[in-house]
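Engineer: Those protein sequences? They're chains A and B, same order as listed.
Reading the first sequence from the start, the letters are residues 118 to 562 in our numbering.
Reading the second sequence from the start, the letters are residues 118 to 562 in our numbering.
Where hints are given, some of them may not hold.
Said to hold, decoys possible - Covered, in the sense of this in silico footprint (three residues per stretch, anywhere, with C-beta under 8 Å from a C-beta of chain A), are these stretches of chain B:
| id | region |
| --- | --- |
| 1 | 186-199 |
| 2 | 338-349 |
Said to hold, decoys possible - In silico DSS-like pairs for lysine-lysine, Cα to Cα no more than 27 Å straight-line:
| id | chain 1 | residue 1 | chain 2 | residue 2 |
| --- | --- | --- | --- | --- |
| 3 | B | 455 | B | 371 |
| 4 | B | 455 | B | 304 |
| 5 | A | 455 | A | 426 |
| 6 | B | 294 | A | 294 |
| 7 | B | 426 | B | 456 |
| 8 | A | 405 | B | 294 |
It should be emphasised that the hints constitute simulated quantities derived from the structure, not laboratory data.
Because the structure is a prediction, the values reported are computed rather than measured.
All C-beta atoms, glycine included, are put in the ideal place defined by N, C-alpha and C.
2 protein chains.
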Amino acid sequence: MTRKRQIKLSAYLVGTGMHASSWRLAQASPGASIDIDYYRELAVTAERGCFDMVFLADSLAINERSHPNILNRFEPLTLIAALAGATSRIGLVATASTSYTEPFNLARQLLSVDRISRGRAGWNIVTTRDLSGSTARNFGAESHYELEHRYRRGEEFVDVVRGLWDSWEDDAFVFEKETGRFFDPGKLHRLQHRGDFFAVEGPLNIARSEQGYPLLVQAGNSDAGQQLSARVAEVVFAIKFNEEDAKAYYDEFKRKVASYGRNPDDVYILQGISPVIGATEEEAQAKKRQLEALLSDETILGFLADYFKEIDFSRFTPHTTASDAGLDTLQSANPDYKKHQPVIARENPTLREVYSLIIGSFSGDHLVGTPEKIADTLERWFHGGAADGFMLMAPALPEGLDDFVNLVVPLLQERGLFRQSYEGSTLREHFGLPVPLSRYTRIVN
Amino acid sequence: MTRKRQIKLSAYLVGTGMHASSWRLAQASPGASIDIDYYRELAVTAERGCFDMVFLADSLAINERSHPNILNRFEPLTLIAALAGATSRIGLVATASTSYTEPFNLARQLLSVDRISRGRAGWNIVTTRDLSGSTARNFGAESHYELEHRYRRGEEFVDVVRGLWDSWEDDAFVFEKETGRFFDPGKLHRLQHRGDFFAVEGPLNIARSEQGYPLLVQAGNSDAGQQLSARVAEVVFAIKFNEEDAKAYYDEFKRKVASYGRNPDDVYILQGISPVIGATEEEAQAKKRQLEALLSDETILGFLADYFKEIDFSRFTPHTTASDAGLDTLQSANPDYKKHQPVIARENPTLREVYSLIIGSFSGDHLVGTPEKIADTLERWFHGGAADGFMLMAPALPEGLDDFVNLVVPLLQERGLFRQSYEGSTLREHFGLPVPLSRYTRIVN
Numbered sequence: 118m119t120r121k122r123q124i125k126l127s128a129y130l131v132g133t134g135m136h137a138s139s140w141r142l143a144q145a146s147p148g149a150s151i152d153i154d155y156y157r158e159l160a161v162t163a164e165r166g167c168f169d170m171v172f173l174a175d176s177l178a179i180n181e182r183s184h185p186n187i188l189n190r191f192e193p194l195t196l197i198a199a200l201a202g203a204t205s206r207i208g209l210v211a212t213a214s215t216s217y218t219e220p221f222n223l224a225r226q227l228l229s230v231d232r233i234s235r236g237r238a239g240w241n242i243v244t245t246r247d248l249s250g251s252t253a254r255n256f257g258a259e260s261h262y263e264l265e266h267r268y269r270r271g272e273e274f275v276d277v278v279r280g281l282w283d284s285w286e287d288d289a290f291v292f293e294k295e296t297g298r299f300f301d302p303g304k305l306h307r308l309q310h311r312g313d314f315f316a317v318e319g320p321l322n323i324a325r326s327e328q329g330y331p332l333l334v335q336a337g338n339s340d341a342g343q344q345l346s347a348r349v350a351e352v353v354f355a356i357k358f359n360e361e362d363a364k365a366y367y368d369e370f371k372r373k374v375a376s377y378g379r380n381p382d383d384v385y386i387l388q389g390i391s392p393v394i395g396a397t398e399e400e401a402q403a404k405k406r407q408l409e410a411l412l413s414d415e416t417i418l419g420f421l422a423d424y425f426k427e428i429d430f431s432r433f434t435p436h437t438t439a440s441d442a443g444l445d446t447l448q449s450a451n452p453d454y455k456k457h458q459p460v461i462a463r464e465n466p467t468l469r470e471v472y473s474l475i476i477g478s479f480s481g482d483h484l485v486g487t488p489e490k491i492a493d494t495l496e497r498w499f500h501g502g503a504a505d506g507f508m509l510m511a512p513a514l515p516e517g518l519d520d521f522v523n524l525v526v527p528l529l530q531e532r533g534l535f536r537q538s539y540e541g542s543t544l545r546e547h548f549g550l551p552v553p554l555s556r557y558t559r560i561v562n
Numbered sequence: 118m119t120r121k122r123q124i125k126l127s128a129y130l131v132g133t134g135m136h137a138s139s140w141r142l143a144q145a146s147p148g149a150s151i152d153i154d155y156y157r158e159l160a161v162t163a164e165r166g167c168f169d170m171v172f173l174a175d176s177l178a179i180n181e182r183s184h185p186n187i188l189n190r191f192e193p194l195t196l197i198a199a200l201a202g203a204t205s206r207i208g209l210v211a212t213a214s215t216s217y218t219e220p221f222n223l224a225r226q227l228l229s230v231d232r233i234s235r236g237r238a239g240w241n242i243v244t245t246r247d248l249s250g251s252t253a254r255n256f257g258a259e260s261h262y263e264l265e266h267r268y269r270r271g272e273e274f275v276d277v278v279r280g281l282w283d284s285w286e287d288d289a290f291v292f293e294k295e296t297g298r299f300f301d302p303g304k305l306h307r308l309q310h311r312g313d314f315f316a317v318e319g320p321l322n323i324a325r326s327e328q329g330y331p332l333l334v335q336a337g338n339s340d341a342g343q344q345l346s347a348r349v350a351e352v353v354f355a356i357k358f359n360e361e362d363a364k365a366y367y368d369e370f371k372r373k374v375a376s377y378g379r380n381p382d383d384v385y386i387l388q389g390i391s392p393v394i395g396a397t398e399e400e401a402q403a404k405k406r407q408l409e410a411l412l413s414d415e416t417i418l419g420f421l422a423d424y425f426k427e428i429d430f431s432r433f434t435p436h437t438t439a440s441d442a443g444l445d446t447l448q449s450a451n452p453d454y455k456k457h458q459p460v461i462a463r464e465n466p467t468l469r470e471v472y473s474l475i476i477g478s479f480s481g482d483h484l485v486g487t488p489e490k491i492a493d494t495l496e497r498w499f500h501g502g503a504a505d506g507f508m509l510m511a512p513a514l515p516e517g518l519d520d521f522v523n524l525v526v527p528l529l530q531e532r533g534l535f536r537q538s539y540e541g542s543t544l545r546e547h548f549g550l551p552v553p554l555s556r557y558t559r560i561v562n
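Build out the structure end to end from the sequences listed, making use of the hints.
Structural biologist: Given below as structure tokens:
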């Protein structure tokens, strides 16, 4: 029997929401990003909506112009450990950097939250972008690693972590009370890794979980990032402006996965979406306008001045178009811009839209409207080969998640596009992925 | 009004208990060290007993001869984040090393669990002993740092962490929705630290908690360790063989605290105890004998051979005395032995007892018996100036904690020596300690 593939859903949890002015809404709790009860409620809501997972992004440096929701917030690994107790089914994915941690510590904390959640943890692998060098300066370095160095380190880091996760075979612990034999020493393995960046002996002092080890999630956009994703990631997170770009990315990425000898169906592509949901199209448009009206010109232009160091934005307003500001042809020093430039050159958005696009809170017309319209868009993208699922980056929380769970999820369920209830209890089970074999498993005929 | 000072109690949580054979008891769950529900229940029991805190020790390397309860266990910071949701009052103290982490990451995770628990976190500061170099080999180093280097790094590390914790003043967040002013930039501070070991700019991306920041706990025994404790620790954890040694340590340590210009009453000394509780003296003695009978000669002699590399233990049995094995006069290469040698030279215990003493599961006669006898011992030590409180290192869990909470705590309460219920809600409040002032607080007359 072949099972029909269904849409996968992840909720991106970030304080009052993705939109930089969401904290200013009348109903918003500006202290949300540091309120554990608030986060527990978000996770419970997402679980009520049968979401596959919640997702916690991260950054390792802030400054006076940072998004309000990241100035003062929980650290993701400790946060998902806390959310594990408030939920029982939903996956819990935390971002952690390969550039500023030790693989032994991170392998251990990740597997620890995987055990705490009984097989529901995921690791969003990042190498950490650091345009201004401010992250490096929090870790004793004068300047940030170059992208290529970062990804070489990241590749080796991931291999060390996966190696440490296999330290104990699944049947290593025999617990023979009569003889005093606690474990079988033949099933305890030392990694003995020696590479360009790390020397790690092992073994790790924690054994694999109900799902083997945490689900591997990645969102790399550079060539180096996509290579890492294609080689190791099980869930990939991207943000595309429209269906055409999403499809092109989807096709290209799945080909890359295949080029690593992996089955493209074993890697799920989640497209980031920031829907604005209203009872009517007009109500949704009004909600979007309200959020944008609360976004000050200063925030937009200050952010863009930080992002594009080569341009003097004091001459522009948020209504200036990308081409008038010279963004369409710009050779930016910012490597992040490479992924945005083609669409900006093609669509010629205003600077306000450029800002939303870059910070990931862009709500295109296909995502502003009634629950039916949103469901239609998701169905079209899913069936059209643009996405295996979606990362809900709600402009305003908690209502953006509440509305989606209460109004959009039932439509997807009615259409047979989304689960009615959880069938499995681990995160890998939600994605239909098997428990990864340990490298020490002996295949017996 | 002067409040009578009461006994402080901490529960040391470790799988099936401190005793290396505790997992072999008929009622033991050998997989306890990795069972989150089991840990939640331990924490709930300790909270029912009005304990000030639970305590999670740690290590960063294992080998085939490690204590069964540490081979496969949770990482402490993620574990206390999970325990925060199962409890509401008790303090949660995690061990983390200054030798193998980055101060920015650790400052952040500690403050994150402090916020998650609403002001109930503590940090047991360790520099990590590493006799065999196996920890260093998990972190890319060929050999471990020397003790003196470790403590110099540790001192600077703690100062950086405390500095980062003050990044945001308590009233920095103004949340003015009308004007769009989220915080007052004058109340955000960059540490700009440059020292011998670390260069850390800041600011930290999380603000102080309900109790300011995590309680600082330490258990250093070397001179360098005691200096760090005396300078910064708020709770100190020691293990002494008998009342006389405990008193001598207590007096000397409080003098050291005073030498740093601190009030000795602001630092609490918890003495580690491994009581064996029985309805009668005979029942308790039988319980102790049962545990010891399950401890194999091989475990004892194998551990000692690892610990004292200079001695060939194959010639001895666990009944050999310390003097017959030459331990009383040994110049050991193991720096840890310095703290045990005086008492071993004086008491001339058997090798079995030496083993228990070193791993911290020694139950002296004063701690084996009826609940009344245990309570009498604790009262005598407390009133005699040997302890401000106790770290319950139960030989067998969960019963060692259950029995203590059900049978010993009520006696201490009847005698007015221990609280009947929690008065505060933060860990610092349990210890009667004020919220630490931020270094940026302006004193206004």
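Engineer: Can you list which hints this structure breaks, lowest number first?
Structural biologist: 2, 4 and 6
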